[in-house]
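Peer 1: Read off the chains here:
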Amino acid sequence: MNELPQQLANGLILGAMYGLIAIGYTMVYGIVQLINFAHGEIFMVGGFGALTVWLVLPEGFGLGAAVPLMIIGGVLVSVAVGTAAERFAYRPLRTAPRLAPLITAIGLSIVLQQAVWMWYPDAKKDHPFPQFHGGPIEILGANIQRGDLFVLIAAPLCMLALGFFVTKTRSGRGMQATAQDPDTAKLMGINTDRIIVMAFAIGAAFAAVAAVAYGLKNGQVGFRMGFLMGLKAFTAAVLGGIGNIYGAMLGGIVLGVAESLATGYIGDIPGMDLFGGGAWKDVWAFALLILVLLFRPQGLLGERVADRA
Amino acid sequence: MRQRSIIAITAALAAGSLTLTACGSRDDDGGSSNGDKTTVVIGVDAPLTGDLSALGLGIKNSADLAAKTANKKEYVKGVEFKIEPLDDQAQPSVGQQNAQKFISDKNVLGVVGPLNSSVSQQMQKPFNDAGLTQVSPANTGTELTQGDGWKTGDSVRQFKTFFRTATTDEIQGAFAADYLYNQAKLKKVYLIDDQKTYGAGLAASFKANFTKFGGQIVGTDHVNPDDRDFNAVVAKIKKTGAQALYYGGEYPAAGPLSQQLKDSGQNIPLMGGDGIYSGEFPKLNKKAEGDLATSVGKPVEQLDSAKTFIKDYEAAGYEDAYEAYGGLTYDATWAIIEAVKLAVEGNDGKVPSDGRKAVLDAMAKVKFDGVTGTISFDEFGDTTNHTMTAYKVKSDAWAPEFSGEPKLG
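Here the protein sequences line up with chains A and B, keeping their order.
Numbering that gives the first Met the number 0 applies: residue 0 is where the first sequence begins, and numbers increase by one.
Numbering that gives the first Met the number 0 applies: residue 0 is where the second sequence begins, and numbers increase by one.
Keep in mind that the hints were calculated from the coordinates and are not lab data.
Note that the structure is predicted; figures quoted are calculated from it, not measured.
C-beta: ideal position from N, C-alpha, C; glycine also.
Heads up, a few of these hints could be off.
[To be verified] Cβ-Cβ distance ranges computed for the label pairs, FRET-style:
(1) A:M271 x B:A207: 21 to 27 Å
(2) A:F87 x B:K393: 49 to 55 Å
(3) A:W116 x B:K67: 23 to 29 Å
[What the hints assert, rightly or not] Only part of the chain B face toward chain A is listed, based on derived beta-carbon distances under 10 Å:
(4) H221
(5) S263
(6) L283
(7) K286
(8) D319
Isolated chain A, as found in the complex:
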C-alpha cells in the first residue's frame, strides 16, 4: 500500500490543529505586538473545559450530541481565562517595555499549568477523553479516524467565519484599523480596549476548538499538553508570517505536513537512516522554520499591513 496519502492526511490533521492554535498567537501579536506565551495553556484549559462538560453530562449521552456542548464548554473556559489574562495580566503593562508582558506571559503559563494540576480532580495524570466509536473512513487512499474528521471540518469553518468577521463586520474592520495604528484608530472613535479583548477572545475560542480536536484525536488531555502544542503553534505563526491570520493556518499545515513527511521518508534516503525516525521530526520542523526565515524573514505570507488583524 502506498503510504503517501496517509502521511499527507496525518500531517494535514496535525497541521490544522497547530493552525487553529496559531491564530491566537498571530491575532494578539498583530494588534498589541505581544507574544502571548500563556496561549498554550489557554488551549489546555479549553481541553479541560470540554472534558468537564463530558463528565457532567448524564450517562448514555451520545458523543456526537455532546461534542457541540463540549465545544461550548471549552470555549467558555478558554475565553474566560484568555480575557481575564488580558484584563489582569497584560492590560496593566500595556505601556511597559515589551519584555515585561512577555515575562508575565511565561509566569501566567506556569500558574495556569499548576492551577489545573492542583485543583482539577485527578489532573496529576493524563485524563482519558471520550472518543468516537467505529473504524476509520477512507478518503483518497488515506484512513481518517472519526475523531480526526472533527478538525478537518472545524478548521475551514473557523477560518471562513474569521475571514468574514475581519473583512465584513464593523468590529472586524475596527480590528484591522487598530492593528495598523492604534492611536489613530482610537481618535476615529474605535474602542481599542474592546478590540484587544476581542482578539484575545477569538484566539482563545479557536484554541478551545483545537483542544477538543486534540482530545478526540489522542484520547487524553493532561495539564502539560499546552507547552509543546503552544510552542509548535507559535512556530507555525512565525512560519506563516506572524500577524497574518491566513499565514497562521498555512504555517500550521506546512509544519504538520513537514513533520509527518520527515518521519515517514527522511529515514529512507540513503545515509540518512539515523536522522529519520519520529524523534527527529521536531528537528526537521525547526530546520524548515530556519530555512524559511533565512530566505523570507517575514514568513510565508509576508506581513502585508492591510491583512494584519
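With chain A fixed as given, assemble chain B onto it according to the hints.
Peer 2: Structure of chain B alone, referenced to chain A:
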C-alpha cells in the same frame, strides 16, 4: 526591527524557561534524637508530580509503609525510621539536586529511588562519593550496575553504593523476547524506543535476544516521550507486516501509540516493559485489549508474602494506589532497614557514629523474604531475584499470563 528583536528575545526566553528548574530548600530538622530513640532518615526520591506521578506516589507511599511498619514492630530497637520524600519530576537535573540535599542531611542513612534510570545516572556518583547507600525499586537500566560493557559480557561494578530490587533491562528485554517468540509464536516485530536510558536499553536487549531465537526485527524507530501523535510512525509500520510492536518506554506515550496503531487498522499487540505496566495504560488507551507488558517478580497479588503488604497498604488509607513498584519499593526500603538493623546490632545496639559506612557494609549481607520474593544482592548490587511476569490487557485491566525466568537464545 523592534518586532524582529522581540521574537528573538521570546525565543531566548522560551529556551531559558526550559532550563528553569524548581529550586527550594527544606530546613533540616536539626536534632536527631527523640527521647531514647535515634531517628534514622530514609530519603525517597521519585516523581511526585508530572506524567509519571502515579508510579512515583506509589513509591513514596510504599516506602512510608515500610518505615511505619518497622517503627510499629520496633524492628530495630532504639531506632525510629522517618521518610524524607523529594520530588524529582522525572528530571535528571532535579534528581541530582535532591541527591545533594540527602547527602547534606547527616541523618539520612539510605535513599530509596528513583523511578527513572536516566535520573539515577545523575545521582549515583554523588552518592558514591558520599558513601550513601541507594536502593532503587525501579531502575532497570543494566549499565547502572554493570557498565556499558554488559552487552559484550564485560560487566564491571560501577558504584559500590548502588543497589536495586528491580531486575535489569537485560533480563526484562530478554524475557519479553522469549515470551513473544516462544509463547506467543510471533516472529516479526517492529521495534520503537523513546531514547531514554530505560527505553533504549530495553529495546536493545529485546532485539539481541529476539534475533538470537531467529526472530526478525522488521523495522526500528525512535520517538520523543512527550509526543502524543504517532500517526506518521504508525503508517510506516503498516508496510512492514509486523506481527507485534515492541515499545521501550513508558505508558504516557505508549497509550496513544497503541491506540493509533490499532486505529490505523493494524490489529497487532504492543508489548512493553514495566514502564507501561501501570493501571493508567488501559485507562488512557481504549484499544489496549491484547497489549502486553513485562514486570519484575511474580504478580504481587499472587504471592503470599504480598498479602500482608496489600492489606497494610489498604489499611493505611493512602490516596494513591501502590502501582507497579509498590512491592519492590517496600522491599528496597526494608533492605535499608535490615542493613540499619545489622549495623546497630554490630555496634552494641546503637546507631554507629559512621552510620552510612556501617549501613553500606551491611548491604552485602542483607537477605530476607520480602514482598516480591527473597531479597539479596549480587556482586553488582543487582537483585538475585530474576523472576519476571508477562501481563496481558484483558477487559481493560492487566492480567498475569506467564511467570518465569527468561530463557536466553
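Peer 1: Run every hint past the structure and note whether it holds.
Peer 2: Each hint, compared with the structure:
| no. | hint | in the structure |
| --- | --- | --- |
| 1 | A:M271 x B:A207: 21 to 27 Å | holds, 25 Å |
| 2 | A:F87 x B:K393: 49 to 55 Å | holds, 51 Å |
| 3 | A:W116 x B:K67: 23 to 29 Å | holds, 28 Å |
| 4 | H221 | holds, 4 Å |
| 5 | S263 | holds, 6 Å |
| 6 | L283 | holds, 5 Å |
| 7 | K286 | holds, 9 Å |
| 8 | D319 | holds, 9 Å |
Checked against the numbered hints above, the structure violates none of them.
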